[in-house]
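Here is what each chain is made of, one letter per residue.
Number of protein chains: 2
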Amino acid sequence: MAITNPQTPKGTRDFLPKEVIRRNYIFNAIRNVFEQFGFFPIETPSFENLETLTGKYGEEGDRLLFKVLNSGDFLAKADREALQNLNSIALTPSIAKKGLRYDLTVPFARFVVQHQNELVFPFKRYQIQQVWRADRPQKGRYQEFYQCDVDVIGSDSLMYEAELIQIYDAVFAKLGIEVKILLNNRKILVGIAEACHIGDKFVQMTIAIDKLDKMSEESVIVEMTEKGIQEKNAKKILELLRTESIEELAEAIKDSETGLKGVEEIKKVYDYLESTELKNALVFDPALARGLNYYTGCIFEVKASQAGLGSLGGGGRYDDLTAVFGKPDTSGVGISFGAERIFDLMLEKSLFPDELITGIQVLFIAFDELTHLYAFKQAGKLRKSSIKTDIYPEYGKMKKQMKFANAIQVPYLAIVGDEEMQTNTISVKNMVSGEQSRMSIDELISLFGK
Amino acid sequence: MAITNPQTPKGTRDFLPKEVIRRNYIFNAIRNVFEQFGFFPIETPSFENLETLTGKYGEEGDRLLFKVLNSGDFLAKADREALQNLNSIALTPSIAKKGLRYDLTVPFARFVVQHQNELVFPFKRYQIQQVWRADRPQKGRYQEFYQCDVDVIGSDSLMYEAELIQIYDAVFAKLGIEVKILLNNRKILVGIAEACHIGDKFVQMTIAIDKLDKMSEESVIVEMTEKGIQEKNAKKILELLRTESIEELAEAIKDSETGLKGVEEIKKVYDYLESTELKNALVFDPALARGLNYYTGCIFEVKASQAGLGSLGGGGRYDDLTAVFGKPDTSGVGISFGAERIFDLMLEKSLFPDELITGIQVLFIAFDELTHLYAFKQAGKLRKSSIKTDIYPEYGKMKKQMKFANAIQVPYLAIVGDEEMQTNTISVKNMVSGEQSRMSIDELISLFGK
Numbered sequence: 549m550a551i552t553n554p555q556t557p558k559g560t561r562d563f564l565p566k567e568v569i570r571r572n573y574i575f576n577a578i579r580n581v582f583e584q585f586g587f588f589p590i591e592t593p594s595f596e597n598l599e600t601l602t603g604k605y606g607e608e609g610d611r612l613l614f615k616v617l618n619s620g621d622f623l624a625k626a627d628r629e630a631l632q633n634l635n636s637i638a639l640t641p642s643i644a645k646k647g648l649r650y651d652l653t654v655p656f657a658r659f660v661v662q663h664q665n666e667l668v669f670p671f672k673r674y675q676i677q678q679v680w681r682a683d684r685p686q687k688g689r690y691q692e693f694y695q696c697d698v699d700v701i702g703s704d705s706l707m708y709e710a711e712l713i714q715i716y717d718a719v720f721a722k723l724g725i726e727v728k729i730l731l732n733n734r735k736i737l738v739g740i741a742e743a744c745h746i747g748d749k750f751v752q753m754t755i756a757i758d759k760l761d762k763m764s765e766e767s768v769i770v771e772m773t774e775k776g777i778q779e780k781n782a783k784k785i786l787e788l789l790r791t792e793s794i795e796e797l798a799e800a801i802k803d804s805e806t807g808l809k810g811v812e813e814i815k816k817v818y819d820y821l822e823s824t825e826l827k828n829a830l831v832f833d834p835a836l837a838r839g840l841n842y843y844t845g846c847i848f849e850v851k852a853s854q855a856g857l858g859s860l861g862g863g864g865r866y867d868d869l870t871a872v873f874g875k876p877d878t879s880g881v882g883i884s885f886g887a888e889r890i891f892d893l894m895l896e897k898s899l900f901p902d903e904l905i906t907g908i909q910v911l912f913i914a915f916d917e918l919t920h921l922y923a924f925k926q927a928g929k930l931r932k933s934s935i936k937t938d939i940y941p942e943y944g945k946m947k948k949q950m951k952f953a954n955a956i957q958v959p960y961l962a963i964v965g966d967e968e969m970q971t972n973t974i975s976v977k978n979m980v981s982g983e984q985s986r987m988s989i990d991e992l993i994s995l996f997g998k
Numbered sequence: 549m550a551i552t553n554p555q556t557p558k559g560t561r562d563f564l565p566k567e568v569i570r571r572n573y574i575f576n577a578i579r580n581v582f583e584q585f586g587f588f589p590i591e592t593p594s595f596e597n598l599e600t601l602t603g604k605y606g607e608e609g610d611r612l613l614f615k616v617l618n619s620g621d622f623l624a625k626a627d628r629e630a631l632q633n634l635n636s637i638a639l640t641p642s643i644a645k646k647g648l649r650y651d652l653t654v655p656f657a658r659f660v661v662q663h664q665n666e667l668v669f670p671f672k673r674y675q676i677q678q679v680w681r682a683d684r685p686q687k688g689r690y691q692e693f694y695q696c697d698v699d700v701i702g703s704d705s706l707m708y709e710a711e712l713i714q715i716y717d718a719v720f721a722k723l724g725i726e727v728k729i730l731l732n733n734r735k736i737l738v739g740i741a742e743a744c745h746i747g748d749k750f751v752q753m754t755i756a757i758d759k760l761d762k763m764s765e766e767s768v769i770v771e772m773t774e775k776g777i778q779e780k781n782a783k784k785i786l787e788l789l790r791t792e793s794i795e796e797l798a799e800a801i802k803d804s805e806t807g808l809k810g811v812e813e814i815k816k817v818y819d820y821l822e823s824t825e826l827k828n829a830l831v832f833d834p835a836l837a838r839g840l841n842y843y844t845g846c847i848f849e850v851k852a853s854q855a856g857l858g859s860l861g862g863g864g865r866y867d868d869l870t871a872v873f874g875k876p877d878t879s880g881v882g883i884s885f886g887a888e889r890i891f892d893l894m895l896e897k898s899l900f901p902d903e904l905i906t907g908i909q910v911l912f913i914a915f916d917e918l919t920h921l922y923a924f925k926q927a928g929k930l931r932k933s934s935i936k937t938d939i940y941p942e943y944g945k946m947k948k949q950m951k952f953a954n955a956i957q958v959p960y961l962a963i964v965g966d967e968e969m970q971t972n973t974i975s976v977k978n979m980v981s982g983e984q985s986r987m988s989i990d991e992l993i994s995l996f997g998k
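Sequence lines, in order, name chains U and S. The numbering used here puts the first residue of the first sequence at 549, with every later residue one more than the last. The numbering used here puts the first residue of the second sequence at 549, with every later residue one more than the last.
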């Protein structure tokens, strides 16, 4: 029964204290801003009924859903024909009724419909939970990771678009990451499609221009022509996408009613932000498309100002998120934060505060049983003052104790021998400067401003 | 495709903001105490390889493990014979390689073995994560719930037992729950078994006395006799379990070497605690058994002082937790907090602070487009001062706005009309007292002590 080399499953990771503490630093920064803006947390179960999830993420998504095997004698109710034919896909619904959460959006839509009579609308919520995807594990891509979403549902006010932009700005300012916040509106993209006479190819157009980040303009034009858009129209589209001024673009798409509605919405968002001093750049970018088809109004994306670092978050306005669960016409808008990318970026740029590196603040060491008991008592006083304190469990063995102190990188060592015990003092060594001096417990506590 | 009545799976729950905020209040209280004592967080994946979990929780545990169906064409590698025979249990290992976390102990043991070269021992960690069990759903019993464990591994120092008692004491004092902390030692139970000449029936004895909480003494004696313990010995066992004084018990089990070792360990724990002022009662209770067989030394249990409320936590010393993964002789000790029970108890006794009830602190309402923009600007200043602020998205419609304000139980309403805008002020209504007065934004901020 004994396994001698147990490992986490492929595609998953353990998090050691240093990583958890740093990740919580990011989440706490985000949480604080969310709550200032009146968003509060909800949590949904790790698994949902498969019927809630299936068909919501496209064919690939269905394939990447982790399914939970039914308990007990699951074969008793298994689809016999699928079993006979060894047809895994056909068999699945009869032996697995639940699936692990794939994102936070669909469970949120289900939540809103299920609890609509308990909620007060507009309902503002944030949600920071893990999601699971059966992607092939590879470097930097995991089967389990955190998502961090904030949404308001039940109002079409453009004030919320302005709030979400302020939230992005405040969070990244707090984390010390300089970003560009890109803003566009799906209705403007409709306007561009109509101005270029390809209104019926809107979806194909957005899918193609969504790739402008990774592909050359030429390749995007080729993709559009392959999808049935004439080359001259594809070129005109790309020309319009380069427009920097909203007025200029409004003129170009002035024959599209939807397009002008998009322009108006963008202007209204700017009206709300007029008196706001953003710490990061807000950029109107008509080339921003966001692949997801459920967006219907403003869309956002955040990128680190330094090129090549990819997206740190995105989102937008949707008008029909809950329709699939029988509650139509509920407008909402939301954004998400790419927690994994933010973590990697902050690590790479050394943006985490130094004090997160060390866990405990003071380590006591003693020479014999009596001084060890004395050290335990003194440590209790520090702990009561909210100073993170530890005592090495063995006494004597000075070398071993010092080795431990160095390994955990503790900033202060509190040394207790007979003399300290008799004079009711402690010898405190600053492990950075090497300085050592004897002091009372109150003096030690005051070193930490307590 | 549209489902019109989507629900959470049976045995699982959504958590609305009020519940998440209250649960986080408990977790934060626990976390702060853990960190003062030098324990830091780790996280392990939601699923483990099934070989890591299987056989660790007994036969019932194996049955209650949620298994994750392999991705892709899982039937291709399915056990053909088991398929043919419709044998669900035999088939499972070939179609499900992963299982959801059943507790935090086994994953922690796996973690320690996997990362032994990265960790500094003694290693002190806490872990607050969800676990999943395929129990039949019923009132108060869920398939998904949080566990909250704290352990130190890699030292047999009894100082840690004393620390864990201090942690229990500090956490429950902070939460306002009066408890009794019960303390015993498995070696003392061995001593009692040996003193009653039933050393070979030790496990049966502990299983029986573990039921003293729920069964009469007579029934426990009957159970012991049924397990092959003579009635006179069973009676003597129960007599010894009633001993309140450790000295008296030491005398009664003086012929048992193991028993005396247990007495010595208990005394050492009291030595460390000698100068500690506990806020709750610490009670030596030789009748405390703790069912789990991996405990080898001190054991703990916490009960609310008011009778009938059951256990709020428990734990103990184990000497061989990691042996099953090929790392023997690693002593550790840990306790856990019954977060769900603590939550229910605090709710029942109204122990949550009032300020957790309301989310936002100030709600702005306005009369027209211009005052709405002005309100948005003022709200931004409050938010920057970390005051949880919201603006109703629609202007005018006074009745609708007031209805919303009442529904969310906001303590302060900030009303903005033409006059307020012209004089750069806000009319602030205290929703509890009903008082209303006009003030500057700085005066409003100072209401919150900012």
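Worth flagging that the hints you see were computed from the coordinates, not collected in a lab. Check before you lean on any hint, since a few could be wrong.
In this list, chains with the same sequence are indistinguishable; a pair is considered to hold if it fits within one copy or across any two.
Each computed DSS-like pair below joins lysine-lysine, with the alpha-carbon atoms no more than 27 Å apart [unchecked claim]:
#, residue 1, residue 2
1, K945, K875
2, K929, K728
3, K722, K998
4, K645, K625
5, K728, K759
6, K558, K604
7, K977, K875
8, K809, K925
9, K783, K851
10, K948, K687
11, K780, K759
Hints and how they fare:
1. K945 x K875: between (69 Å within a copy, 25 Å between copies)
2. K929 x K728: This pair counts as between: shortest inter-copy Cα distance 23 Å, intra-copy 48 Å.
3. K722 x K998: both (25 Å within a copy, 19 Å between copies)
4. K645 x K625: both (12 Å within a copy, 21 Å between copies)
5. K728 x K759: So K728 and K759 pass the 27 Å test inside one copy only (19 Å; across, 63 Å).
6. K558 x K604: Cα proximity of K558 and K604: in one copy and across copies (26 Å, 21 Å).
7. K977 x K875: For K977 and K875, neither the intra-copy (65 Å) nor the inter-copy (35 Å) Cα distance is at most 27 Å.
8. K809 x K925: Between. Shortest inter-copy distance 25 Å satisfies the 27 Å Cα cut-off; intra-copy 70 Å does not.
9. K783 x K851: within (26 Å within a copy, 74 Å between copies)
10. K948 x K687: neither (38 Å within a copy, 52 Å between copies)
11. K780 x K759: Result: close within a single copy only, 19 Å intra versus 83 Å inter.
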